[in-house]
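Novice: The residues making up each chain are set out below.
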Amino acid sequence: MRTITFKDALNEALHQEMARDDRVFVLGEDVARMGGDFGVTMGLLRKFGPDRVKDTPLSEAAILGVANGAAFCGLRPVAEIMFADFLTECYDQLVNNSAKAHYMFAGKVKCPIVVRTATGAGFRAAYHHSQNVEAWFMNVPGLTIVAPSTPYDAKGLLVGAIRDDNPILFLEHKMLYGTSGEVPEELYALPIGRAEVKRPGADVTIVASMKMVHHSLAVADELDREEEISCEVLDLRTLIPFDKETILESVARTGRVVLVNEAPKTGSLNAELAATIIEEAFDALKAPVQRVNALDCPVGFAPAIEDYVVPRPEDVARAVRAVVDY
Amino acid sequence: MRTITFKDALNEALHQEMARDDRVFVLGEDVARMGGDFGVTMGLLRKFGPDRVKDTPLSEAAILGVANGAAFCGLRPVAEIMFADFLTECYDQLVNNSAKAHYMFAGKVKCPIVVRTATGAGFRAAYHHSQNVEAWFMNVPGLTIVAPSTPYDAKGLLVGAIRDDNPILFLEHKMLYGTSGEVPEELYALPIGRAEVKRPGADVTIVASMKMVHHSLAVADELDREEEISCEVLDLRTLIPFDKETILESVARTGRVVLVNEAPKTGSLNAELAATIIEEAFDALKAPVQRVNALDCPVGFAPAIEDYVVPRPEDVARAVRAVVDY
Amino acid sequence: MTVPKEQLLDFYRKMVLVRRFEETVEEYSKKGYVPGFIHLGVGQEAAQVGAMASFQEGDYVLPDHRSHGVCLMVGTPVTEVLAEIFGKTTGCNKGRGGSMHIADFARGNVGNNAIQGSTLVTACGLAVASQIRRTGAVTFIFFGDGTVGRGEFHESLNLAGVWKLPIVYVLVNNGYAISTRATDAHPLEDLAEMGCAYNIPGVTVDGNDVEAVCAAVGEAAERARRGEGATIVELKTYRWQGHFSGDPASYRPEEEVRAWKERCPLKATRKKLIDRKWATAEEIAAIDAAVEKEIQEAVQFAVDSPTPTEKDAVAHVYVGREVAGK
Amino acid sequence: MTVPKEQLLDFYRKMVLVRRFEETVEEYSKKGYVPGFIHLGVGQEAAQVGAMASFQEGDYVLPDHRSHGVCLMVGTPVTEVLAEIFGKTTGCNKGRGGSMHIADFARGNVGNNAIQGSTLVTACGLAVASQIRRTGAVTFIFFGDGTVGRGEFHESLNLAGVWKLPIVYVLVNNGYAISTRATDAHPLEDLAEMGCAYNIPGVTVDGNDVEAVCAAVGEAAERARRGEGATIVELKTYRWQGHFSGDPASYRPEEEVRAWKERCPLKATRKKLIDRKWATAEEIAAIDAAVEKEIQEAVQFAVDSPTPTEKDAVAHVYVGREVAGK
Ligand SMILES: Cc1ncc(C[n+]2csc(CCOP(=O)(O)OP(=O)(O)O)c2C)c(N)n1
Ligand SMILES: Cc1ncc(C[n+]2csc(CCOP(=O)(O)OP(=O)(O)O)c2C)c(N)n1
Ligand SMILES: [Mg+2]
Ligand SMILES: [Mg+2]
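Chains as they are written, first to last, in this note's numbering: chain B, 1 to 326; chain L, 1 to 326; chain A, 1 to 326; chain F, 1 to 326.
So that you can see chain B by itself, here it is in the shape it has in the complex (with noise of 0.2 Å):
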C-alpha cells in the first residue's frame, strides 16, 4: 500500500469527505489561502471555493460560534483552531455550548462540529503552543475527544468524527504530522470510541495515545527483546468517552497495567483511566496501576528542559519493570 505522511492523510480526509458531503465546511485561521499552519487543509480552497473553505480572523470563539451555529442549522463544520493552547480562547464555546447543545434542548437540535487542533510538546515552542490539552474537557459531558496515532487512523478517524453527530474535539499531535505510514487511497471512517491493540502481548498492558503510542511501542520492542517482558499496547483513539470494554478485556489478561500520556501527572486522562481499572478490575491487578506523565509544571522553553518534564521511553520502561517486579 502506498505510504503517505500523517498530515497528508488529515489532509486526504477532508478533500474526500467535502467531495462527498457537500454539508461540510473548513474553517479557520490561516487554513484557506495557506492551506493551515501545519498544511492540513491545503488545496481545499482551490477545489471547494471561499463558501466551503473560510480564512476567519484571529478570533477563536467566533470561529467557535460560526461552528456551532451552522452546525444547529445542519451544516457539518469542521473548525481548525491553530494550537490546542488556544482553545482556552474559546473554551466557553465549546463546553457550555457545544456539548450541552443536545441535551439542554432534549434532543431537538444536534451539535455536528469538529474542531481540529494541534496538540503536544517536542516543539520548542514553550507554555502556550505545547500543551497536551484533553484534560482540560474530560469533565464535561456531551464532548467527544479523538486523538489519532498513524496516518491510517488520521484519515479514518477524521472522517468517523466528521459523520459522527457529536461534537468532537479532533487533537492532532504536531510531532506526529511529518510521520508517515500506509493509508488506502480511498475514503474510509474509523469507528468513534474504538481502542486498537497496536501491539499484542501478554504481561502488561500499556494504554497510550498519539505520540505516546510510539514511545509504547518502541519501549514494548526493546523490553521484549532484551528482558522478555511482552507489553500489549492499546492505542485509545478515542479518549473520552474512552472504549472501557477493550481495556479491561487486556488488563483481566495481564493483570498490569502502565497508562502513557503526555500531560502533566495530576488530573490527567491517566487519573480517570487509572481509576476505572481499579474500580473494574480491582481483582485482576497484581501491582498497583502506574501512570507515565509529563511532570506537574509548565511545559518549559529550554530544550533540556522540555525534554525532561515530558515522558521519555525510558520513563515507560521503568514503569513496565515497576508493575512486572512487583
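None of these hints come from the bench; they were simulated from the model.
The structure presented is a predicted model; accordingly, all values stated were derived computationally and were not measured.
C-beta atoms are modelled at their ideal positions from N, C-alpha and C, and glycine is treated no differently.
Since no wrong hints were added, every one of them can be taken at face value.
Part of the chain B face toward chain A, derived, beta carbon under 8 Å:
1) Pro57
2) Leu64
3) Gly65
4) Ala67
5) Ala70
6) Phe72
7) Asp92
8) His102
9) Met104
10) Lys108
11) Val109
12) Pro241
Starting from the known structure of chain B, fit chains L, A and F with the ligands onto it as the hints suggest.
Specialist: For chains L, A and F with the ligands alone, kept in the frame of chain B given last:
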C-alpha cells in the same frame, strides 16, 4: 462562640483583611454598589471606597486581566466571577497567564490573585449556573484550588488564600452561603493545602469537599447509629494540590475509601484521588475505591432531574456499604 | 412611523400577551411553581414585540435571558413556553431548559445560552449557514447593554462586518446590567454607535414606542435580506422589576422607576389606538380579556402537566451513545 | 515632526541595533542555536524604536511576539535578551521563556504571552495598579492588526474607555496576520478608528517614519500621564520576512514586499541625517560598527552561556511549594 453564616464569614474575612493590608482590592460584576450577587462583598465599597472596590463591566476576561496585571505590580486582587460557569470566559487568563507567570518568568514575578466564584448545583438554575468546575482546572500546574465547607473554614481559608503568593481559585458552593456555624470575630488565616478530619472514624475513609462534606457527615452519623459502621470524613479544603499525607494516613488505618464529589464522574477530582490512593496505598486497600459523583450529564433544569443527577446522601451510603461488604 | 391599524391592534394584543405572561410567571413563581430564578421583561414589551414584527418564516432568532416575550413572538404556543418555564415535560424543551433555555428549532428560535454573550457568536454561524445556502434568512440576536461588555460582542461584529453577515443586532438597552448602570460600564451613551468600529450602521430608537421599534428593526432586516450586512438597532427601554424576580433593585432610584412606568408601552399604544380612533375602550377591553383567557388556559395546562422523571435525566447527552443512570 | 539631532542619531543607532539583532537571531537560528520558531521584526524598527522613545522609568510595557526590539528598548542588556532567545541560563528569564516570553520586571517589561490578545487585558491591570497607587505610570501595549480580532481587544478598550486608564495601545499594523490580510479580517482600513466605539482617540501614522511614530506615541503618552485616558496609535508598517523565520510567505506578492523594502526605515533615517547634515557617511558607518561590536559580543556571550539543566525544570511552579522531579 458567635454563630454566623458562610456568606457573612466570607464578608468578614474581606472586611478584616482589607483593613489589615491595603494592597488587597476587590473587583467584579456588581460587587461594589450591590455588594455582590450573593452579598459576599456587602459594605466594602462604603468602607474602602471606589479605588479598592470596583464594579466592572460584564467582561470576565478583563476582570482576570486586571487581577493579573495588578498582581504583577504587587497588589493583591480578589476578583469575583459571579458563577463558576463563567470561568469559561476567562479560562485563558487563568490557565495561560495566572498559573504560568511565576514559572515562565523564572520566579521573577508572582501572581497572588484570588478568584472567588459561586459553584455547584441545587439552585434550580440549570446548565450555566450549576456546574462544579474544579476538574477543568486540575491539570493546570501553578493553580491552587481552595473550597471550604463551613463558615469557620470559609473565613480562615479566604484570608489564607489572599495571603498566599499563588493564584488561587476559591470555590464557594452556592448552597452553603446560607449555612451557619461558629466563627471567631478576630482575623485568622487557615493554611492552604491542608485537609481536615471533620469526623474521626475507623472503618471507612470518606473524602469530600464543599456541600458533599455535609452529605458525608450526615451519612456517617446515620451509618454509625444504624449499622455500626464507623466512617472517617476528610474535608479536602484545598482540592489542588491536595493533602496526600492526611488522606494516606487515614486510608492506611481504614483500608476502605469512598470519594464524594459533586461533578460528573468521568474525569472529576475523584479520578485523581482514586489514582493516587491506588498508587500509594495499594496494599492497604481492602476493597476497590468507590467514587460517588454526579452522573455523566449536564445539570438539567427540572428539579427531579437535577436532584437525581447529583450525588444524594443515599448514594454515599450505598458506596460505604459497598466497600464494607466487599 | 405609523403602522396600519390592523398591525397596531396586533402589536397591542401581543404586548398585552407578553405583559400578562410575565406577570403570570411572576405570580406562579411566588406560588412555588417555577423552579430557579427568572428574569422578567415587564416594561420591555414594545421592544420585544416591535422587533419581532420583522421576523419571517425561515429566519433565526436568538433570544436572551429576558426574552419570554421573544419566544412567544416566534409562534411557539403560550402553553409550551409556560410549561417549559414550569419545568414540565410538555414544555417546548420537555422541561429540560427552563426560563433561560427556551428553544423552538422548527420555528427558528435557536434558544438562549445563559452565558451572556455566547449567542452573539452563535448568531454568526446561523448567518453563515444562510449565506452558504443562499436562503435569504435573517438572524435576529437579542442582547442587553451589559452584554455589550463581552469579548464576543466584538468578535461577532467584526466578523459580521467583514463578511457582511445578515444579522440584526437587537441591543435592548434597559439602562442596567443587574446593578451596574450602562453608563458606568461603557464609555458611550448610545451603544449603537459602537457599530462605527465595524463599518456597521447603528441606530438608537425609543424602545417603548412599538412603531419606532418596528420601523428601525424592519429597515435593518431589509438591509440584511438585500445582502448589505448587519445593523445594530438599540432599543432604549427599562425593566420595571429587579434583575430577577425577587431582586429588590435598591440600586436604582424610585424616581427613575416611576418615570419609566409613566412611559408604559402598553399605555402608550392604547392611547394611540384611542387617539387615532382605531379602537374603543370596549374593543381594547375585549382584547385584554381574550389574552387573559389564553393565559389562564396556559396556566392550567402547565400546572396540570407532568414533571420529567429520573429516567429522562440521561437521555440525549450524546447522539447515539448511552450514558449510565444510577 | 522633527526631533532634535541627538535624538535622531540615537534613534538611528537603536534601529540599527534592532535590525542587526533580528538578522543575527535569524542567522543563528539557521545555524541551530535558537530553539523553536521566532518572529522577526525586520522592517518594523521605526515603529518599535519610535514608540518606545516615550517609555519612562516606572512605566510598563507589554511587548508582543514580534518584539525583540521592544525588549531591547526597555534597557535590558542585549546579551540577556539574546541569551534568553538561545535558551540559556544567562537569559533575562534564565532561558525559561525564549523568544515569545521575554520579560524584565525590574525595568518595566512585563513580558509577552504567546496567546495573542491575552496581554491586552493584562494591560488594564497594570494601568489600574498605577491608578490606585497614583504613580503616573503609563502602560504601553504592543499588538498587531491580527490581534485586533480577539475579544480581549474589546474588553480592554471598553474598560480603558470607561475607567480612563493610562494606556497607550500601540497597534502595529503590518498588513498581515500570518497569511491573512488585515483588510480581509477587519471591516475598516485604519484600525485606530475603532477607538470610536470606546470614546478613545485613534491616530494612524506612517510606522516607518521614526519621527512621526515618536510624535504620535509621545502625545498619547502625555495624554495618559495627564489622566486623560487611553489612545490607540496605529503604526502602518510591514514585516520583511515571513510570519516566522522560515515561512516562505508565498501568500503575498513580491511586488508588495519590494515596495515596502524601498521604504526601509533605516535607509529613510540615514537619508534624513545626511540631508539635514546631522551626520556624515563616516559617522554613520561608525555607529553601524559600534552596534556590530555590541551584537558580536552578545553572540559570543549567548553561545558561551550554559543551558538549563533538568533540575531547573521543577523550580518556581508554585511560590513556596515544591513539585517532584523524576
Ligand atoms: C458571562 C456571564 N457573565 C455574567 C453573567 C451574570 N449575568 C446574568 S444577566 C447579567 C446582566 C445582563 O445585563 P444586560 O445584558 O443589560 O441584560 P438585562 O439583564 O438588563 O436584560 C449578568 C451580569 C452571565 N450570565 N454570564
Ligand atoms: C489566540 C491566538 N490565536 C492564534 C495564534 C497564532 N498566531 C500567532 S501570531 C498570529 C498572527 C498575529 O498577527 P498580528 O497581530 O497582525 O501580528 P504580526 O504577526 O503581524 O506581528 C497568529 C494567528 C496565537 N498565538 N494566539
Ligand atoms: Mg440591561
Ligand atoms: Mg500583523
